[in-house]
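Given the sequences, and given the hints that come with them, work out the whole structure.
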Amino acid sequence: MKSIITIFLFFGLILPAFSQEKEEGAIDIKELPSVVIRRIGTDFSIYIPDKNPDKNILKLQEEFVAYDMGKDIKGSEVYLLIMNTDNNSLAATYNEHGKLMRVVENYKNVKLPNAVIYSIYKNYPDWSIVDDKYIYAQKEGDIIKKHYNVKLKKEKKIIRLKIRPNGEIFKT
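Residue numbers are given in numbering that gives the first Met the number 0: position 170 of the sequence shown equals residue 169, and the series is strictly consecutive.
Do not take every clue at face value.
Unchecked claim - Straight-line alpha carbon distances no greater than 30 Å define the calculated DSS-like cross-link-like pairs of lysine-lysine that follow:
| hint | residue 1 | residue 2 |
| --- | --- | --- |
| 1 | K110 | K58 |
| 2 | K50 | K132 |
| 3 | K121 | K110 |
| 4 | K161 | K54 |
| 5 | K107 | K132 |
| 6 | K54 | K110 |
Please keep in mind that the hints were generated in silico from the structure rather than gathered at the bench.
Right, here's the structure in full:
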């Protein structure tokens, strides 16, 4: 009886350890169209999805591209579309004709690109990344913001950086 209990206890402690293995390796990047153009009346709406490897970013952008305004916009001067997920948000503004005017995307705790990580650890070798946020904004099809806000900590010191996707630190 003791041996049966010991065997069950042994397997009860060992099996959960194997269930927590992470999948490691290269991330499969699903490509969105490089430019999404929609015709609404005589106007064209242009949206440029970002080519970020993070799955949460791609998922929210896919939902936005697939969203159909339909008749929701009729009778409004300005139409604001807000899409939220756990730590992410996308806000799009349309004019009275249904033309996409502005898109602002905020993502928290994203997978940082290799160039950004390399730049951080090259310039701040003993610091650790505490928090990160990705901001991507465009106005009438032109990208106006595309950077990472990263919070670093070393002992009791905290600094905040703004880094472009190519790894260039442009504000500390």
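Evaluated hints:
1. K110 with K58: 14 Å, holds
2. K50 with K132: 16 Å, holds
3. K121 with K110: Roughly 18 Å separates the two Cα atoms, so the pair holds.
4. K161 with K54: 22 Å, holds
5. K107 with K132: At roughly 4 Å apart (the allowed maximum being 30 Å), K132 and K107 satisfy the hint.
6. K54 with K110: Status holds; Cα separation ~9 Å.
No hint from the list above goes unmet by this structure.
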